[in-house]
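There are 2 protein chains.
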Amino acid sequence: MLVSGIEDTILDGRTKGVPGTAPPFRLGDIAAKGWNVMEEDMPLPLLLLKRSNLDYNAEVFGDYLTAHNLSLAPHGKTTMAPQIFDEQLHNGAWGITAATVQQALVMHHYGVKRILLGNQLIGKSAVASVSAMLHRDEELEFYCFVDSPAQLALIERHLQAAPPSRPIRVLLEVGIPGGRTGVRTRDQASALAEAISQADPALIRFAGVAAFEGVVPGIADSADPVAEYAQSVVDIASTLPGKLLGGLDEFILTGGGSAHFDMIARAFATLSLPVPVRIVLRSGCYVTNDSGAYFAAQEAARKDPARDWTSTLKPALEVWAYVQSRPEPGLALLTMGKRDAPYDAGLPVPFARFVPGKGTAPLGETQIFAMNDQHAFVRLPKDSDWQVGDMIGSGISHPCTAFDKWRFIPVVSDDYDVTGGILTEF
Amino acid sequence: MLVSGIEDTILDGRTKGVPGTAPPFRLGDIAAKGWNVMEEDMPLPLLLLKRSNLDYNAEVFGDYLTAHNLSLAPHGKTTMAPQIFDEQLHNGAWGITAATVQQALVMHHYGVKRILLGNQLIGKSAVASVSAMLHRDEELEFYCFVDSPAQLALIERHLQAAPPSRPIRVLLEVGIPGGRTGVRTRDQASALAEAISQADPALIRFAGVAAFEGVVPGIADSADPVAEYAQSVVDIASTLPGKLLGGLDEFILTGGGSAHFDMIARAFATLSLPVPVRIVLRSGCYVTNDSGAYFAAQEAARKDPARDWTSTLKPALEVWAYVQSRPEPGLALLTMGKRDAPYDAGLPVPFARFVPGKGTAPLGETQIFAMNDQHAFVRLPKDSDWQVGDMIGSGISHPCTAFDKWRFIPVVSDDYDVTGGILTEF
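These protein sequence lines are chains A and B, in that order.
First residue of the first sequence? That's 1 in our numbering, and the numbers climb one at a time after it.
First residue of the second sequence? That's 1001 in our numbering, and the numbers climb one at a time after it.
Treat the hints with care, since some could be wrong.
Covered by chain A, per the in silico footprint, the following chain B stretches (three or more residues, Cβ under 8 angstroms) [what the hints assert, rightly or not]:
| # | segment |
| --- | --- |
| 1 | 1054 to 1066 |
| 2 | 1128 to 1135 |
| 3 | 1228 to 1241 |
| 4 | 1267 to 1277 |
| 5 | 1338 to 1346 |
Just so you have them, the derived chain A footprint on chain B, three or more residues with Cβ under 8 angstroms [claimed, not checked]:
| # | segment |
| --- | --- |
| 6 | 1038 to 1044 |
| 7 | 1199 to 1212 |
| 8 | 1374 to 1387 |
Derived from the structure by calculation, the hints contain no laboratory data.
Glycine included, C-beta positions come from ideal geometry on N, C-alpha and C.
Chain A on its own, in the form it takes in the complex (with noise of 0.2 angstroms):
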């Protein structure tokens, strides 16, 4: 990985998050400036990572995977941050997955030789750009979802004129009725499988099956419609035609976000086949994991006792914002907004006050019950004694919408002193 460049980038105080008195500096030099965020060398408002925590979930969800014979391509969309990336590969990533080319291109810039497009490739641009990234690096693999015959004769006719040095690996995505992209039935899968076997192999080449579980209609209210959908992709992997599977070394069966990805690892370990099958997840946002959906989804999990996830992994996300204005009696107006902080799975919620120069203080009962664009409406007792200039942090809700309102996030330590910092690249 290169994300020793990273270090080497200069910033200044036009990269919000960064103090503005600050000389241009590396950013590797962060740690050398004895930045405190309670001490009010940051400006606020703040998302930072706790580095204990990210510590602490790579060890805890690294258990997991070996415990359960998987691999893992986390989804690097959730944070579009190289460094953490390489933490990823680092501690034993297969892989690392995208949501776009643009995506995989910066990934594939700063080092990650498996990309996973977990998504549909489409376009004549995105094509050309896969393929010429193919041809830039040898050692690099490339694997994307289709899901229609149209699509895949879409992609062969774009690679036909900017051909790769070698194929494409294809992931037949398997969906649900009333879900999102994917084939609904059996004979969909059959009909792609058949075109997908039809497909010019020095062009494209099947590698397996993939699934995705967030987006199944009913999750809200039970896990069940999980297991179902699952045991669908199963069925539909297990009786593809033979010759999709000739001269494959090994059969990729991926599926799993950051919510139910137990229950789709468990499914998947029934599937047998002539080839090995590897089980690779994709979950993105156990790295920071939240203090709202994802949260509660895993409490949720941890409390069943029919699922297979018995740890709780802790927020490394904290957003931090001044109290700005106390116009009215059970009303603060906090220095973040849409901007700043995810809105839309769960408004943040504050966890800590601390009053500068004084030190932490009673939070009291609260709740951030709007944002606008750079503003956080807080409601609170009337008799509340928050002041103007007190410090809030809350926890957030939705990490891959947390990072993308960033472009530099400072790692601290429990005591919050700024030990390091990660750049995004949106």
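Got chain A sorted already, so can you dock chain B onto it with the hints?
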């Protein structure tokens, strides 16, 4: 302005919206590439700016300002695109508005000399950054909002630790009960005015009154609350203690987003003081308008004979994506999601279909009814002939949350030739 430096930025396929096969190139050389969006030269999804509509909006809004003797400090947080700030200043903008000190630092870096922080200045680091900016640049004029003696005291304390070369100009913000920031009553305004008059004149100088009508309770149903609020702002401004006005060359009275600016302008024009009054609008979204919330707000104004807005701004932002899957009758998936288009004030609305290699095709009845991080779900008639690979153009709602999802946005002609490109710095 130093935007010429932006033209020297080297881009490649790592930046979303840039073709992955392009060798690294100067942004300023993009027009020479001969790229056309409909020829599939650009990867999708793609947010783009229509040059003709940008120019049209600048002219129409400029005419309105001139006719009503208004100054403009457009809210730069909308675009955070220094090249657009440059155009706005060339078109006569009095200054540029920022929502945060980081945004102000970006603006100042590119040569903006009059910056209005349309928000509470707060925090040790932010105050020190402003002080340092004033030290670095004798030409810089910096304004910010204050809405409580507590905030004022914090600014003063932090300025004492990092004294500026000349005072920060503060605008007393007037809010409304149930609203966002800003004093709620005449008594609160008087108390804050008294505090401002007692602040160290070497550090803090009174400059006028600020308001924002876009968050007034009840405006979703009627424009009447805006008129009442605007009048209350004028009432407070007209009864401020005379000692605050002493030594002022002019009194700044600022308000106005992009939906009810005409009502603000009309009410503010009635303020009479012993010093000249400069009315500064802060509209940010006029520059691109949209196809959703701001389009609707403009139509409401245009159709109301009691309003002073009679023109029609045009949507300058479009987002294009491929149909990547047609997995069920009546459903299509597009290659764009919450990473690419706004979803906080309405989802994108398809307006055009283009079949690569063939041309425009009928759109039919469509609706984007959901978006995931990287996908959009479209409801179609059961017999729709949308095909995988078709290109769908959509209008967006809320420019602020469109720009912040793209680092690079191509500028196109009406024929979708790429004639330029802007960079954002969020």
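How the hints compare with the structure:
1. 1054 to 1066: violated (count 0)
2. 1128 to 1135: holds (count 5)
3. 1228 to 1241: Three-residue rule not met by the segment 1228 to 1241 of chain B, so violated; n is 0.
4. 1267 to 1277: Violated, because only 0 residues of the segment 1267 to 1277 of chain B bring their Cβ atoms closer than 8 angstroms to Cβ atoms of chain A.
5. 1338 to 1346: Since three or more residues must qualify, the claim that chain A covers the segment 1338 to 1346 of chain B holds, with 4 doing so at under 8 angstroms.
6. 1038 to 1044: holds (count 5)
7. 1199 to 1212: Since three or more residues must qualify, the claim that chain A covers the segment 1199 to 1212 of chain B is violated, with 0 doing so at under 8 angstroms.
8. 1374 to 1387: Satisfied; 4 residues make the cut.
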